[in-house]
Amino acid sequence: MSSKSTPESGIAAALTAADPSLRISTAIEDRLAFSRDCWPLYQLRLQQHSLGVRPALIVWPESAVQVASVYKFAAEHNIPVTPYGGGSGVCGGALPDEGAIVMDLKRLDRLFELSPEDGVATVGSGWIGQNLEHELNAHGFTCGHFPSSIMCSTVGGWLAARGAGQLSTRYGKFEDRMRGVEWVYPDGTIEWAGDTAFGRGTCELFAGSEGILGTATAVRMRIDPLPEARLFRSWEFETMDKAVAAMRVLMQSGLHPAAVRLYDPLDTLLHSNLKKGGESAAIAADSSGGNGPGILKQTGRWLYKRAERFALQEPGVAQMVGETVARTSLLILMFEGPQQSAAWQATRSDELLSSFGRPLGEGPGRNWFEHRYDVSWKQAGLLSAGGFVDTMEVAFPWSRLLEGYNAVREAMKGEAILLAHFSHVYETGACIYFSFSNIRRDPEANERQYRDVWRRGQEAVVRSGGTITHHHGVGLLKARWMADELQGAHGYLRNLKDTMDPERIANPGKLGL
Amino acid sequence: MSIDLDKLMQQLPVMADHCLDLADAGPDDGWWTHRGPVLPVVARPQLSQELEELFEYAVQNRIVLAPIGDGTSRFIGQMDAGRTVLLVQPGYTSLWHGPNEEDRTAWFPAGVSVADAETLLNNAGFTMSPWPEDHGTLGGNWVHPRGSFGCREFRHAAARRTGAQALLGTGEWVRSNDTPRSAAGPNLLAAMSGCGPAIGLVTQVQLLIRPLGELAVMRGQTDDLAGLCQRLQALVRDDYLPTSCTVWKGEGKSWNVMWRQNVWHDWAERTLQQAAGTLALQELDQDTQLPELAGGDSIFVPWSKVAEAAKRKRGIHFCGPTPEGLVAIGQPAEPIPGHWGDWLEGASERGVLPTAGAL
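Protein chains in written order, with my numbering: chain X, 1 to 513; chain C, 514 to 872.
Bear in mind the hints are in silico, worked out from the structure with no lab data behind them. Keep in mind that the hints are not guaranteed to be accurate.
Using C-beta positions, here's what the derived DEER-type ranges look like [said to hold, decoys possible]:
#: 1; chain 1: X; residue 1: A27; chain 2: C; residue 2: G859; range: 50 to 56 Å
#: 2; chain 1: C; residue 1: G740; chain 2: X; residue 2: P20; range: 52 to 58 Å
#: 3; chain 1: X; residue 1: W192; chain 2: C; residue 2: A628; range: 33 to 39 Å
#: 4; chain 1: C; residue 1: R783; chain 2: X; residue 2: G465; range: 22 to 28 Å
#: 5; chain 1: X; residue 1: R230; chain 2: C; residue 2: R783; range: 55 to 61 Å
#: 6; chain 1: C; residue 1: S767; chain 2: X; residue 2: G363; range: 32 to 38 Å
#: 7; chain 1: X; residue 1: R463; chain 2: C; residue 2: R863; range: 49 to 55 Å
#: 8; chain 1: C; residue 1: R863; chain 2: X; residue 2: R480; range: 42 to 48 Å
#: 9; chain 1: X; residue 1: G361; chain 2: C; residue 2: H610; range: 53 to 59 Å
#: 10; chain 1: C; residue 1: P724; chain 2: X; residue 2: D442; range: 31 to 37 Å
#: 11; chain 1: C; residue 1: N635; chain 2: X; residue 2: E314; range: 53 to 59 Å
#: 12; chain 1: X; residue 1: G465; chain 2: C; residue 2: A628; range: 29 to 35 Å
#: 13; chain 1: X; residue 1: Q339; chain 2: C; residue 2: D855; range: 50 to 56 Å
#: 14; chain 1: C; residue 1: D855; chain 2: X; residue 2: E323; range: 41 to 47 Å
Stretch-level coverage of chain X by chain C, calculated; a stretch enters the list once three of its residues show a Cβ under 8 Å from a Cβ in chain C [what the hints assert, rightly or not]:
#: 15; region: 51-59
#: 16; region: 157-166
#: 17; region: 220-229
#: 18; region: 247-254
#: 19; region: 320-334
#: 20; region: 395-409
#: 21; region: 489-502
We put the CB at the ideal spot given by N, CA and C, even for glycine.
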């Protein structure tokens, strides 16, 4: 810490005086590092040589009591507090206000309880997902939650954003796995919720609250025995209509696959290597030299880079050309769990889908599984190359799914290259995961284009009766559409925050509150 | 402050006469009069507009609105003779437009009983797989989930209860948009499950429905509760999920288990066979009288605590099973913690909904 007296060092000294046990830093490198999460807008700002907002200090609490100390201090001095997990959020939910306290929770990584008999574990909210999974695997269990950010996201972050893992169709979203929460309110009160009917209700208020009502310090969650069997299937469909109909029949026939992923024709084409293996190249592929799309990789890296740049600069042309070539859609299925159940489901899926499409065997599914974390947890090279890439995950009921898909495509037409896959599938509907990208001549134009594409996409979703977010959360990015989404509930949540947090110190501005 | 019935009638011109009763008649089953003070007015709103007007009247006159369905919960709240209007959940069936077969969902008025809703669905070839003993309303089951609403076949509670419409304590409406799931902030409608009427008045609910297959009901008996729990847990972990399952104390040391299966696909048939073998189930005699489920809260009981809970409370009923344990029905009501009462009252602003006292 610098010996020079600054506003930051003054706050740090006062916080240390309030609780000498806290680890605190006002070092510029820490304040810069915690000025960001994985919202691509930050990268666009970097292109404009803007380093963003700096918090006053970072604090690393190791217990709920220390978290409470921070909140009490912040309330007394009217300083905003932003809880921070892995920083993997893509909507700005962990971006602090200038002069705020960032509370990095990764030291809350204790395993409080693991009950094989009851199939539950109580863990500190700061556990990094992959570390937790390794720990549970050693005991013969799995957390059942596998976001593509699993290597850099925390249990608390999963809760705060109502996250979904890649196998959510079997294991549920994180709120389905949550059984109780230790919560610290903005006034410093510590409370356990989840053992009573009322407590279970309040857990629903904590999930998705993104730090505006306080923060979780421990989570009791369901754990599952490691699966006995894991089986793969892959199918190709001539049209999206047939593909979506096949998915719906599958989900409404008593099956519960672990993974269901349908790639639209352009996404199927761009990762044609998926038919042999590999994750979606999409436009999120790492153009700095990572796994490029198989069909283009053969043309050489030099040619690929230029083709990619042309495509991104002329998205309307590129989309039209791509969709002229792209014809079929790829569906990947994975069944896991008890041997007999998985085997029955895989066999039954063969029977159900045979009248809709053409079987491609196990290979594409197996290869997706082996490469499922390859892309998403690292920032795309496209951002450092001067363009932008982002994803928008929305959801619709079956009866409006294709309408929503087409509405978003129409709204973004010519504004960005747009791919989509359908995943996180339910009996009642599905999530659509759009990936979009573009590049403009200068950084300012990039940001304008980025914001415009988001506006077009979200407005199309609202008009089509979908939800603006299925599992990434809201943060700052989607805040302006929250009133449309929640109707009267948005005002109620605003009142609830004002009542629980009258000084408005708890991660202000997120969720549009 | 007492309610001026004439004034109320004048200020609610939309509301038909039959919507307001003098409370000495009480609800039809006389339930309330056994449990609390005599209330001056019982309102039975038929339309959203009537509910809104009643709400505004309550705001102006500092009256508390307390919703009631079939009166099977143990909600007490802030009711007192002078300030409370007992608000009967809207139970009209004009809102029933049939199931949405493509989305496998159906919307119901909150005041429709579980049995009536199931009949409507059965006539259309679907089922919501209700608990056979569930006798509350759908709205009541939303705010006090129990019995079939904890049914394991639906894998997650949220999978079963797909949406709702409610008039919030702020006087504003909220209605789910039919999407399967969302991450747009806290799920206020789901939070009402367990918070009673403190957040809002549920007027419609949307449920996941399944095709109606052949309904099989089997029953078994054992003196070994621990062994029964182990076998139930093994079945569930192997994906053999009942449509509903009840465990209750029988004569002497015996425990009864009833397994219901909606056999609408091949795995359900296999599940029934597996359960029958594992639990030594017999087909249920049509004349067998089943116990009535107790009212009140449902409490989750982990497998490791089931034996202790069974010893602690006589006449306990369990339902489930879930991978982590059973759900005990008919537990004492839990009060809203004082600080939460204050927060919810502050959030509602208007002071119309009961936010303190026992749920």
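Exercise. How does the Cβ-Cβ distance of N635 (chain C) and E314 (chain X) compare with 53 to 59 Å: does it lie in that range?
Worked result: Given a distance of about 57 Å, which is inside 53 to 59 Å, the answer is holds.
Exercise. Are 3 or more residues of the region 247-254 of chain X near chain C, judged by a Cβ distance of less than 8 Å?
Worked result: This one holds; 4 residues, not fewer than the three required, reach chain C with a Cβ under 8 Å.
Exercise. Range hint 41 to 47 Å: satisfied by the CB atoms of D855 (chain C) and E323 (chain X)?
Worked result: violated (57 Å)
Exercise. Are A27 (chain X) and G859 (chain C) spaced within 50 to 56 Å by their CB atoms?
Worked result: violated (40 Å)
Exercise. Has the region 220-229 of chain X got at least three residues whose CB is nearer than 8 Å to a CB belonging to chain C?
Worked result: holds (count 3)
Exercise. Measuring from beta carbon to beta carbon, are W192 (chain X) and A628 (chain C) in 33 to 39 Å?
Worked result: holds (37 Å)
For this session: Using the Cβ atoms, figure out if R863 (chain C) sits within 42 to 48 Å of R480 (chain X).
Result: violated (27 Å)
Exercise. Is 50 to 56 Å a correct range for the gap between the Cβ atoms of Q339 (chain X) and D855 (chain C)?
Worked result: holds (53 Å)
For this session: Apply the coverage criterion to the region 320-334 of chain X and chain C: a residue qualifies when its Cβ sits closer than 8 Å to a Cβ of the chain, and three qualifying residues are needed.
Result: This one is violated; 0 residues, fewer than the three required, reach chain C with a Cβ under 8 Å.
Exercise. Taking the beta carbons of P724 (chain C) and D442 (chain X), is their distance inside 31 to 37 Å?
Worked result: Given a distance of about 58 Å, which is not inside 31 to 37 Å, the answer is violated.
Exercise. For the region 489-502 of chain X, do at least 3 residues have a Cβ located nearer than 8 Å to some Cβ of chain C?
Worked result: Satisfied; 10 residues make the cut.
Problem set entry | Outcome, coverage hint (the region 157-166 of chain X, chain C; C-beta under 8 Å; three residues) | Three-residue rule met by the region 157-166 of chain X, so holds; n is 4.
When each numbered hint is compared with the structure, violations occur for hints 1, 4, 5, 6, 7, 8, 9, 10, 14, 15, 19.
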